[in-house]
Structure formats: structure tokens, C-alpha cells
Amino acid sequence: MRIMRHGLALVLMVVLNLAAPAARADAAAAEEVLRTWLRLTLELVRHTPTYTPPVASRTFAYVGITAFESVASGSDQLQSLAGQLNGLTVLPKREVGQAYDEALVLHVALGAVVTDLFANTGPTGQRALAAVTEQMRADVVADLPADVVERSDALGAALAGHILAWAATDGGAVIDTMGFPAEYVLIDGPGHWVPTNLVRLQQTPLLPGWGTNRPFAMPAGTTCSLPPPPDYSEEPGSEFYAQAQEVIDFKAGLTPEQTAIARFWADDAMLSMTPPGHWVAIAMQVMDRDQAPLETRVEVLAQLGIAVADGFIGCWQAKFDYNLLRPITYIRRVMDPKWEPLLLTPPFPEYPSGHSVQSAAAAVVLTAYFGADFAFDDESRSEDGLPPRSFPSFWAAAEEAALSRLYGGIHFRAAIDLGLDQGRCIGAYAAALQTRNQ
Amino acid sequence: MTRIFALLAGFCASSLSAQDMPAMPVYVEETATAGIDSIYAGDWQYMVGGGVAAFDCNGDFKADLFFAGGEAVAQFYVNQSNVAGPLQFARVDSGLEVDAATGAYPLDADSDGITDLVVLRVGENLIMRGLGDCRFERANEAWGFDGGDGWSTAFSAMWEDGAIWPTLAVGNYIDRTEEAFPWGSCTDNWLHRGGAQGFEAPLPLTPSFCALSMLFTDWNRSGTPSLRVSNDREYYKGGQEQMWRLEHGVAPALLTAAEGWKPLRIWGMGIASYDIDYNGYPEYFLTSMADNKLQRLVTETLPLPAFADVAFSLGVTAHRPYIGENARPSTAWHAQFEDVNNDGFADLFVVKGNVDQMPDFAAEDPNNLLLGRPDGTYAEAGSLAGVASTLIGRGGAVADFNLDGWLDIVVVNRRVPAQIWRNTGASGGHWLGLALSQPAPNTAAIGAWIEVRRGDVVMRREIAVGGGHASGQAGWWHFGLGDLTEAEVRVIWPDGTEGAWEMLDADGFFSLSRGQAAQSN
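Residue numbers (my numbering), protein chains in the order written: chain U, 1 to 438; chain B, 1 to 521.
The following block holds chain U by itself, in its conformation from the complex (with noise of 0.2 Å):
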């Protein structure tokens, strides 16, 4: 199978028979070669089992960052966010007044940091790193003279040994046992998290020390720390019994619209790209569908990763902070033995809503790029059976994400409103990077 197949053929027709500028040629390549591993990644997301949503969004920065880096190595337009992500050094720089070929230094860039960050990928993931890494290679190297594929070759392995070297240090490198600890002290406390489900390697939470990793634009995983949830109290009439009864009130009285919103946002850890998958997708969609240059695409997919990334570590670290149980527990507990939610509740601790924060953090990225009233359609859960849904604006998705998880029963309302806050404090620090040369 040929990975590049159409667009490719297009670009090198284009090339040879229709003598476009060669920049364009090479831009359009670049294009291909980009959609091609953020296709790839995104699949093998879904496809490897330690990716769950904090492990997916750290990569989602990573091949962001790589792709940046890459075609800002060579682009009069574009400032390396080298000195302005935590930890990340001056990159590898080109050789002045040699050529390179955009594509082959993206191609072999791209190619490293996903093959190593999914080294632990099954047989088949394996096999499609092969074969993407190979084609493409094929595709892309065709006709180039010899010292272009050299140097090109030799910059896109230097510029991925950098980042995978810094990615190194981020604490978030090693996943045991699908992230899921051997052991693991409960918290004291009815008002504490305890597993939910009866999946024997789920009755720990899932990543605790997530929270301790080193942030990629934020200063720390506390920056953006939140207030506490509403008291614990299994009072009738208490501010928490009221959420936990709306949260009942919104699964007794769940209109088809609302089941369809919860099961289009679940986007669950091996059954889906993820939650930060599910944007990066929104934004390869839409940068598709008004043919953004390749500049702005790596600029938003880098900005995008770092978002997600930072969101989960902000979100991962207040949940252990505040260690607050599922609706599905107090549920159980004080108002009704057998209620069930419409989705699967996620194994760990509630507040604030992990999907509610990389939301908001998504959509301060995506709305600075492309305005407040940007309107899209999303059909990235086609393939899974659910329609595409559409949106007025980056900000009516991550509300409607958000809001997902109080009509499928595994959020109360504070975990919801107060999630999209520290996105929105989150989002504001990869929103703030320079990308462009002043």
C-alpha cells in the first residue's frame, strides 16, 4: 500500500510537469508527510495499551513539538520555542547555504520521536511504523540529489535526538503496568476516591505521580491550582448531596441529544483516540478543510500538544490533591444502591474533570489561531458509529465536552465549571509562546 498515494503523486506532478515553485512543492510534501504521522499517532493511541489520556496528551506535545521544530529549523517565519518550554534547549540548527528537503527532514524527524515514544506498540503498531517509515521514505526521497538526503536525513535525526532526550526528563517517560501502580494507600475518608469498577488492575487510580511531571509552558503543575470542591456531606440539602442528586436528575431525564453528546465526548483510554486525540483530530480537520500552510499547521498542533499536556498535568495534580470520590460511589452509597451511569467511569479520582480542562486549555489554543466564531464540524468519531457534530466555536465544543461528563454520570457539576477554569488558566500559557519571528 502506498501511504502518501494521492496527495503525493499530486505534489510530484506538480513538481515535474507543471514546474510549480519548488517551495510550494516542498510545503505541500511537508503537508502530506505531517497529516501522515498525526494519522498514524493517532491510531497507535488507541492501539497500544499504555496510552491513556495523560500519556496520549504528552505525546500529542512531543510530535507537536517535533513537527514545529523541524520546519522552523528552515523557515524565515517561524521562532524555535527553544528557552521557552521548561527544559528545552537550543535545537540543532541547519547548515546555512545548504539545501535541505522539508519533507525528508519532517519525514525522519517525526519518524523518530514516534517510533521511539511508541516503542512498546504490539506487533501490528510495529508493523505500521515499518511500513510508514519505509513508503514514505520511498515517496518522499525520490529524485532528491544525495547530499540533500543526507543532510536532510542527518538534521531530522539530530532535531528528534534533542527532543527525545529532553522528553527523557519529564517524568512521564515510564509507564508501569498500564499506569496503574502495584500499590497504592487509599485515602482515609468516605469522601475519598475508591475504585469503581471490577477490573482487578483498576483498584488503584490510575497515574498518581502524573501530576509531579515537568510542564512544557505552564511553570508547574500547581500553577493553575484550583479551589476546593463543595464540602463532602451526605446531608440532604448539602451543596454536595445536590450535585450528586443532579447528577441522577440528569441520567433519570436524558434527552437523545444528551446521550448522543455523552458518547460522542467519552472518548475512552483504548477505545478511542483519547480526549486530547479528539482535539488534536478537531484541529487537523479543520486546518484540512481551509488548507492551512504548513506553518500554522505546526504551530497549532504544537501549541494544541502542549495545552492537553499541561492540562492533564494541572488536572492530574488537583485530583490528587483533593482525592474526591465518583458519583458513582456516593451514589451507591447514600441515595441509590443500583444506579448506574450512561458511561463507563474513568479509574480515578473525580475533581476537576480531565476532559473539562483540556478542553478549555484546546480551546484558548485553537480559538487564538482561528477566532472566536470559528464554526467547524467534527466527524473524527465517524469510524466508531457516531455522527459528526457541529459547533459554532472552539468554545461551544470544549463547553459541550465538558458537559458530556454530567450527562453520562461520572462528573459532578464543580469537577465540570471549575475544570474549564483551569483550562482556560492553562490553555493562556501555550497560547502565550512565541511562534513567529517579531
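Source of the hints: derived by calculation from the structure; they are not laboratory data. Idealized CB from N, CA, C, for every residue including glycine.
Computed Cβ-Cβ distance ranges for the label pairs, DEER-style:
id	chain 1	residue 1	chain 2	residue 2	range
1	B	325	U	373	51 to 59 Å
2	U	83	B	206	50 to 58 Å
3	B	280	U	239	45 to 53 Å
Since chain U is already given, all that's left is putting chain B on it; use the hints.
Below, chain B without anything else, positioned relative to chain U:
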């Protein structure tokens, strides 16, 4: 109260006091001396499959063995074991020496009294007619069986009401031509319905979600089996576990959410079925990665097809290795309920093995032997019983190869030779070996139920072709009796006719022929 979850290797069903442990069977590995040297070979297209078929092909009542070889040629071995003696097999040319085989299931498709064999393959599936004396010939054309060109990984068969020929269900995996983006490329499963002279053209069972195990089973005791399909979530999009309703002469229909079917999405790899709680309905053990399910029908809500997962409470999650230092999760394939210690409680054997160098899963992943206890829970005994192999297992069979009343075990391994263990017995424990027959069609009475009274419970098992992981069996159906020296037995035949209860002496093999008294063998 602060609770510490110590989920290190070794903490699972195995943490028991001595008095909780059922009688321990003693298995002796006889791989080196049994004469079996089959390897399931091959790379990506053989990461799943690796089945073995156990059935008697020469009328000596001992189970002979067919091994799928993957890229290597399949091997067939005739059982030459002496009764109660060491296991001994001899490889013979049988006509089954085909390549690209992933698994196999025996059945008497043409109802001539000689067992045939369906061979699943990467490529064209084969139905091999049994000629007697362990010789087989291709019968695809003669019986109108379209073997297709897929990556076949699951199988089940039954006779629909009034049918002369069986209905075969074939489960297929992903589109093997997809190299870079194979996810979401699950190919159609096929239903080959029995016609007047053989098989009708296959019907696609759409949607299909990369089946790795199938089982025709009468889950609600309606008298009409449905097709349970366990699917690998690694490759489907929008998929789930499935149950197809099959009514004679009517197009198959999936049980839906509106009918009460609840979505379950696992790396489904194998199905084992048994009525372990004696309520008349079978439970289903579904193998997967890092987590295995044991589904119990919620009888209070019948006719809804609602199942509760009782794996955790009964101690059969088998989610991590129980020996060694590795806390990484397990990968489970073939599973089979059988009473290996003859105490009257069904036990569960699970074959384990890493998919292929997946570092997040245990590389040394011992097979499980979970012994059933009187309270319904299970105790891990794989290591103590001697079957805790950490080779890369796939298919398997639990069967009495030397006809001593103690069930032996064979396991197919990927890239290394298969292994075989002889059960040398446990303390006490009586047993029965039962074989069914009825006039053609469906000579082996597939779809029947055998019931055996033990005290105030009725042990029962459904006679089926299918399930497990690419591995099928035919022949003796085994019941452990505990301390009973005789037991009442009856058969509910596939058409629902209830046979008479008969008292049979323990520790013997009996042929139960429809309309006749049991015959001791």
C-alpha cells in the same frame, strides 16, 4: 481504615490457606517423550491462532491430535498411549498436512459416523472429510463449502432444527493486505448454512469485529442456540462483543441494546462455557488481556440477555502472572472448563502467552489452572499442579489422552514446540467419561445437554463445537464425581427430548445412544 492494595505477582486466587485448596492434581510434563514436536510458526499473520484439535480418528476411543502449524505444515499425531500409561503419539501422514493453518475443529459434518475436520487458515479454509483410519480428504467441492480467502480465526458449528447438514460459523480477523493502517479493517465473518446436499453460499455476518472465538450456545435454554462471538477490540471500530440469534430459515440477527444486550469491549480471544453454578444456564469465561471476564446470566431479568461479571468475586480474573517477579498483566487465549481433579467441581484451564514481545505485558506468563471450590470460588493451582509453563501459549485442549479418567493437557506454543502433560491423578475422586450418539444427522448430538446428579445438584454441560481459541474437541465428555461411586445420568437431546435417568457406575466410559441403555466401553 486505610487499605493497601498489594497487587504484586502472586496475589490473586492463589493466596489461600491449605484447607481452602482443593485436591491437587499432579501433572507430569511428557513433551520430550510423547513424540510431539509441532511448532506454531510464523510472524504477523500468525500472532493469533495456534489451535489443536483432539478427536478419535481410528476408533480406539483415544483422542488423536491435529496441530495447526502456521507457516509450517500442520502435523497429525495418532495416539498410541496405553491406558493409564505415559502419553505416546506418533506422527502420521493423514492428508491434513496443509500450511497456513491457524486452528481446527472436529465434527461429523456429513453424519457418516466418521469425524471430519474443519481447518481454519490464512487463505482458503478447508473441510476435510474423515475417511477412517486417520485418513482425510478435501471435501470443499464435494460439500459445496466455499473456503474463501481470509484470515480465519474462530469457528463454531451446530445443526439447526431439521437440518441435514450443520451450520458453520467462521470468524475472520483483519484485512491482511492492510499494512500501515489495518485498524478498522475487520473482515466479514461467514455463516455457512447447511443445505440439502452440503453447504449453502456463505452469508456475511455483518457487522464483523475481528472474531477470535465463536460458540453456538443455548444461553437462555430456549432450545435454539445463538452464536456468541468474542471480538478483539484492538482492531474494530464501533464494535463490541456479539450474540447472533439464529432461527431456522430466518436471516441471522444481532441481539441489540433495545433487547437488553449490553456492550462489552475487550480483547476477546477465547470463550469457555460451563454451568458452574448448577442453575441450568451456562456461564461464559472470556479471555482477554490484563483482565478476563466470567459472565453469569442474570436470570431475574430474563428474557433480557443481561450478564453480570463475576470473575473478580470468584477469583478467576487471572490478570497477572502468579509466579515470578513480574507484575505486568497477562495475555490469555484458550480457556476450557473441565474437572481435572475429579472432585465434582469444574476447574478452569487458561493458556497464556505474550502476543509478540509486547513489553507492557508479562513476557513469562504462566498458564492458569484454577481449581473450583465448593463455595463457587477458584484457587490458582497452575504451579503446584505442574502446568505453569511460561512459553508463549495459544491454543490447547484438556482431554483424557490415556483413558485413565484423569484429564491431561496439551498446549500449542508460538514459535516453540507444543507441550503435553499427563495427569497422574489427585487424592480420591471418581469420574465418568460419556460419549453421545444418535442416528444421522448430527450423529454426535451437538446441541445436547448431559446432566449428572451429584448430591443435591445437577452438573450439566452443553455439547458444542466451538469456543476456546482456535481449538476444538470431540469424543468423551468428562464429569468428576468426587466421592460418588455411581451417579445418575441423562441426556437432553438436541431436539429437546429428555432421555431417562440412568444410574452408572463411576470410573468408566459409557456410550449414550439415543433410545438405548448406556453401554459400558
